[in-house]
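> Chain residues, written in single-letter form:
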Amino acid sequence: MIMDFSQQIAQYIITGLTIGAIYAIVAMGFNIIHNATGIVNFAQCEFISLGGMFMYSLVVLFKVNLVVSFILSMTGVALIGALIEIGPIRHARSKDIIILIFLTIGISEVIRGSAQEIWGSDNVGVPSFSGDAPIHLLGGATIVPQHIWVFAITVLVMLMLRYFFKRTLMGKAMRATAVNRRAAALTGICVNRMILFSFAFSGALGAVAGMIIAPISTTSYDTGIMLGLKGFAAAILGGYGNFAGAILGGIILGVLESLGAGLISSQYKDAIAFFVLLLVLFLKPTGIMGYGESERV
Amino acid sequence: MNIFIKHKDIFGFVLLAVMVIILPVFVKNKYYFIVLNVIGLNTIVAVGLNLLIGFAGQISLGHAAFYGLGSYFSGILTVNYGFPLWPAMLLGMLATGVVAYLIGYPALKLRGHYLVMATLGFGIIVHFLMGELDQFTGGHDGLMGIPHLSVGGLLFDTDLKNFYLIWGFVFLSMLAARNILNSRVGRALRAIHGSEVAANSLGVNTADYKVKVFVLSAMFASVSGSLYAHYITFISPGSYDFYYSIQVVTMVIVGGMGSLWGSLFGAGILTLISEALHVAKQYHVIAYGVFLCLVLVFLPEGILAGIYNFFVRKKTQKLLT
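Protein sequences, first through last, are from chains A and B. Here the working numbering = 1-based position in the first sequence + 4. Here the working numbering = 1-based position in the second sequence + 93.
Be aware that one or more of the hints could be misleading.
Unchecked claim - Okay, derived cross-link-like pairs now, EDC-like style, lysine to aspartate or glutamate, Cα gap no bigger than 16 Å in a straight line:
1. B/Lys121 <-> B/Asp252
2. B/Lys202 <-> B/Glu289
3. A/Lys273 <-> B/Glu394
4. B/Lys123 <-> B/Asp252
5. A/Lys99 <-> B/Glu394
6. B/Lys123 <-> B/Asp250
7. B/Lys374 <-> A/Glu121
8. B/Lys202 <-> B/Asp301
9. B/Lys123 <-> B/Glu368
As the list claims (entries may be wrong) - Computed from the model, here is a short list of chain B residues facing chain A with C-beta under 7 Å:
10. Ala200
11. Lys202
12. Val383
13. Val390
14. Pro393
15. Leu397
Don't read these hints as lab results, they were simulated from the structure. Each residue gets a CB set at the ideal place from its N, CA and C atoms; glycine is no exception.
Here chain A stands alone, though its shape is the one from the complex (with noise of 0.2 Å):
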C-alpha cells in the first residue's frame, strides 16, 4: 500500500513535471516579450495553439515528416509573432502599456477566431514522436516517450536560449533594449529590430510548447488558452522577467498543480494553479525569485 502510494506521487510529480516544463517555456516567451517592450502579451497563448494545430495539419492532414513538420510550424508562428508587431504593434499610435496590451488581446482574439474558422472547435490528436510503449522507471513509476522528448526539447531550448543571450551579439543586443532601451539606442542598436525579433522568437518558443505537448493532451483551436494564463502566472510566480524563475515557476506550478489534481480532485486542477499564485503574490509579491520593477522615471 505504502508502495503504492510512492508510486502514485511519482507518477503524478513526473506528469507535473512534463506539463510545468511546457508553463516554463511559456512563461520564457511572456519573458522576452515582456523584457522587449514592457507588455503582457496576451497573443502568447494563440501561439500555443497555432503550434499544435499547424503541427496537427502538416503531420495528420498532408503527412509531412515530423522534424519537417516541426519546423516549419515553428517558423510560421513566428513570422505570425513578427506579423504581430511589424503591423498593429509598431503602428499603433499610443505607446501606452495598457493600450498595447489590450491590443494583443483583440489580436489575439482575431487569431482564435480566425483559427476556429479553419480546424473547427474539436479536439484532434497528433501522433508522439516516437511511438507510446511506456517505460518502466525505479520505484515503479511509468513514463511515456512523449514526456522524455518534452523534457529533452525544453532543456535544448533553455540551453540555446542560455547561449543566444548569454554569448552571440544580438541576444548581449536584446538584453540591452531590455535593460534600457534608449541607451541601447544611442549606443547603435536598432531597438525596433530587437523587438520584431523578441515577437518572433515568443512565437516559436509558443510554437514548441505547443507542438510537444499536443501528443500527450490533444489539441483544438483554444487549447493555448489555459496553457498561456498558466505560463504568465508561471512568469509571475517566478518573478516577471526573471528566466531563471521563469523555469523554477512553471516547474513548481506543474508540480503543485498535478499533485493537487492526483491526491484532491482532477476538477480542483485549474483553481489549484491559480492558488497557489495568489498566495505567492500575498506572501512575497514580487514572485519567488523576482526583485520587483524597478522606478522608472
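Got chain A; can you put chain B on it based on the hints?
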C-alpha cells in the same frame, strides 16, 4: 460661457436625467429596454473600472469576479437565508470591498503587471467556485428565484421599472465617481496618473491610493452585480467568466480612459455591437477582435475623443497651411 464650461458636467448630468425620464415615452419595445438595462449595468461596472484604469493606470482582468460576487452575495443571502434585499446588497458590496483589498494590497504595492495576474487568477478561481460550491450557488445550473427589489410598496418587476431603477443607479454612480474625482482623492489620483514619482515626492501615498481606488472599483461592480441578480432573478456562472472581464475593460478603453462620459459611451456601443454581432454568429469573435484592434491602433484615446481630435487637428492643419 465661463459658467457653462465650469459646469458642463452638471449640464451633462441634467441631460442624462432628462433623457432617462423621457425615453420610455418614445421607446415601447420590451427588447430595447432589456438592452438598455444591460447597458446600464455595464456602465456602472465600467465607471468604477475607469477610476482604476484611467486614474491609477492599472488593469484588472478580474472584474467579472467582483460583479459575480455582488450577484451571488445578493442571490445566496436572499434566496437561501431569507435576508432582506437591500441589506444583502450592502453586505455584498462591503464583502467584495474586503476581498478586493486582500487581492489588491500585495499586488499594487509593486509596479508592473502583478495586478493583472492577481485579478486574472482571482477571476478564474471565483468562476470555478461558482460552479463547484453547488450547495450554496446552485452550481452550473445556477441560482433561481431571486426576488425583485422593492422600495416601500413599489416592486421592480418589469423591464420598464428596472430601467428606472438601474439608470437611477447609473446616475448615482456617475455622480459619485465625479465627486470622488473632484475631491482630494481625485486630485491625488490625477497626480499619480501624471507622474507617480512626482506625486510621491509631494507626499501622496501612491500605493495606498491605488489600493483604495481598486477596492472602490470592485464595489461599483458588486452593486451592479446585485442589481443584475434582482433584475434577471436568475444567475449562473456563465455570466461571470474571463470574457466578461475583458469586455468591461474594453468598454473603458474604447470609451476613453479617464473619461466618465466615455465609459457610458463605451458600455453603450460595445453592448450594442455584441447584440448586433449575434447575427454574425461564428464570425462574432473575429469581428469583435478586429473592431478592438482598429480602435486601439487608430483611436487609442477612445472613440469620442479620437474622432474629436481628428477633426480638430484637421482644422488646425488647415489654418497652418
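> Each of the hints needs a verdict: does it hold here or not?
Verification of the supplied hints:
| no. | hint | in the structure |
| --- | --- | --- |
| 1 | B/Lys121 <-> B/Asp252 | holds (11 Å) |
| 2 | B/Lys202 <-> B/Glu289 | holds (13 Å) |
| 3 | A/Lys273 <-> B/Glu394 | violated (40 Å) |
| 4 | B/Lys123 <-> B/Asp252 | holds (7 Å) |
| 5 | A/Lys99 <-> B/Glu394 | holds (11 Å) |
| 6 | B/Lys123 <-> B/Asp250 | holds (13 Å) |
| 7 | B/Lys374 <-> A/Glu121 | holds (11 Å) |
| 8 | B/Lys202 <-> B/Asp301 | holds (8 Å) |
| 9 | B/Lys123 <-> B/Glu368 | holds (15 Å) |
| 10 | Ala200 | holds (6 Å) |
| 11 | Lys202 | holds (6 Å) |
| 12 | Val383 | holds (6 Å) |
| 13 | Val390 | holds (5 Å) |
| 14 | Pro393 | holds (3 Å) |
| 15 | Leu397 | violated (15 Å) |
Violated hints, listed in ascending order, are 3, 15; each of the other numbered hints is respected by the structure.
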